[in-house]
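Quick note, the sequences are listed as chains W and G, same order. Letter by letter, the first sequence follows residues 2 to 406 of this note's numbering. Letter by letter, the second sequence follows residues 3 to 154 of this note's numbering.
Calculated directly from the structure, the hints in this document are not laboratory data. Treat the numbers as computed from the prediction; the structure is a model and nothing was measured. Note that beta-carbon positions come from the ideal geometry of N, C-alpha and C, so glycine has one too. You may find that some hints are simply not true.
[As the list claims (entries may be wrong)] Looking from chain G toward chain W, a few residues come up when the C-beta cut is under 8 Å (computed): (1) 19; (2) 24; (3) 47; (4) 53; (5) 56.
[Stated by the list, open to error] Some chain W residues near chain G, calculated using beta-carbon distances under 8 Å: (6) 144; (7) 154; (8) 156; (9) 188; (10) 251; (11) 376.
Each chain, written out:
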Amino acid sequence: MSILMDILLGLWENSGLGQFGLNWATLGTLAMILLSFVFMYLAIVKGFEPLLLLPIAFGMFLSNLPAGLPEDMIFHAEFWNEPQSAEWFWKVLHDGGLLDKLYLGVKLQIYPCLIFLGIGTMTDFGPLIANPKSFLLGAAAQGGIFFTFVAAGLLGMTAAECGSIAIIGGADGPTSIYVSSKLLEGANSKLNTGTIALAAYTYMALVPVIQPFWMKLLTTKKERAIKMPQLRQPSKTEKIIFPVVVTLVVALIIPSAASLVGMLMFGNLLKESGACDRLVDTAQNALMNIVTIFLGISVGATTTASNVCNWDFIKVMGLGVVAFSLGTISGLLLAKLMNLITGGKVNPLIGSAGVSAVPMAARISQKVGAQTDPTNFLLMHAMGPNVAGVIGSAVAAGVLLSVVK
Amino acid sequence: MNLMNAASLITRLEGGIDGDVHMDGGQIAGVTVAGLGVVFAVLVLLVLIIFLFNKIFEAIYNSQRKKEISEAAQSAPKSDPVPAAAAKPAAPAVKAAAQDDDEVIAVISAVVAMMSEADGRSYRVKSVKPVQGFSGRTAWAMDGRRQNVAPF
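The whole structure should be built from the sequences, with the hints applied where relevant.
Rendered as structure tokens:
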């Protein structure tokens, strides 16, 4: 009888239920589990970025479930604050749970680059080739990154933290993950890639809420009604040369941006070549979906109670919305200036699409333009700055990685 | 801030900033100026390169088009066109267009009649004019475009 009791007691002590007690840690864990349920609800019922939010929510749910034995834990948050070494890799592979092993793809910057490959196969750079001036709007919107860098610096954050938070202003999830995982590696900081990714994707899902406010505030009805002439259709040769030229220029000037831009342009070259349909099909469907699942669930796993229930996370969320808003404002202001210089030929609404949330930001430009005049079609004009923003944020990421060591 | 100041700020970033360091005002300004400057410089360079490519491809396209036109002109039969014969088929086309207009007006009238039944008021169709949309598009083309863009 005592043996049976010992076994049952052992099972209870090693179970997750046995870890719950009346303390702050338990309350934090329960709060995170409830938050994961809220995210699941938002993803399934409200349809907020479900392809990414649902894996993130479930990763959050899994990693916050307590376990009695360390080897039973599916994710070990404590591993990821340690500096990387051969022993560290061995520890993760040997003692880590499933989500620790999947998170290696984030930590080693593999997933963001593979997602860029998939994005490249789905992106049409035609509007940008037809109107290369769109590049300037893509550059202006990166002002959000650098102005937020100033704000974070003035709040007394370290250089690595400033860079990691500022990159949220690029409105590009994979780039945010890429930069923060590199900058925060071994840094003396409470921030982690998971919280940065969560903030970035939260604000990307909130693009339809954040951007229209600034767009309507900073433009007049007359400006919003400006109709832009139809763009020309670039030839196939131009579309094939474009990814090669962009890679050449960016990789030679900012080598630290070569991984992101190189994979983006490689994916695009596969698409535009017309000779690799099978590879394009895999990159834009199977590969993209697999990486999204791994990325979402492992990033979600990093949002443990200890990582999220602190002031730093609140600062990230606060500065994140500042970064996003500043990016939108910078793009809009340059578009207004271009409109002034060209004598009323540029609708300023396309400027906000310079943040690289593709294609959502371009959709918002189209939607706000159509609200003023239903016969106004800005979608393709906004796609130029939108895809330029992807290149711009990758270049800005490269600059941050070059400057902050 | 003049160029010399900007250059001195960028020089201060030489070797990079330690990630764990709390930056002073000069370093923050240096990263911002250098960062935005480099992003703009790279993208302006790309604008110039793509602009150059556009010009080259435009020139190639124009020369090919000229060649095609001159070849077509050379291979065309040299018989004189007969204006009277060319004008003849125009009459049935006009008739068909008029017939189409009648059908369109009938459809529009039917829709208006349905509307008047729905809201209890009576309407009269006084005139039907084709509306030319932006960029020379017809109302039908504009509606098709609107339908395509609506999902976004």
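Hint check results:
| no. | hint | in the structure |
| --- | --- | --- |
| 1 | 19 | holds (5 Å) |
| 2 | 24 | holds (6 Å) |
| 3 | 47 | holds (6 Å) |
| 4 | 53 | holds (5 Å) |
| 5 | 56 | holds (7 Å) |
| 6 | 144 | holds (6 Å) |
| 7 | 154 | holds (4 Å) |
| 8 | 156 | violated (10 Å) |
| 9 | 188 | holds (5 Å) |
| 10 | 251 | holds (6 Å) |
| 11 | 376 | holds (6 Å) |
The structure does not agree with numbered hint 8 stated previously, though it agrees with all others.
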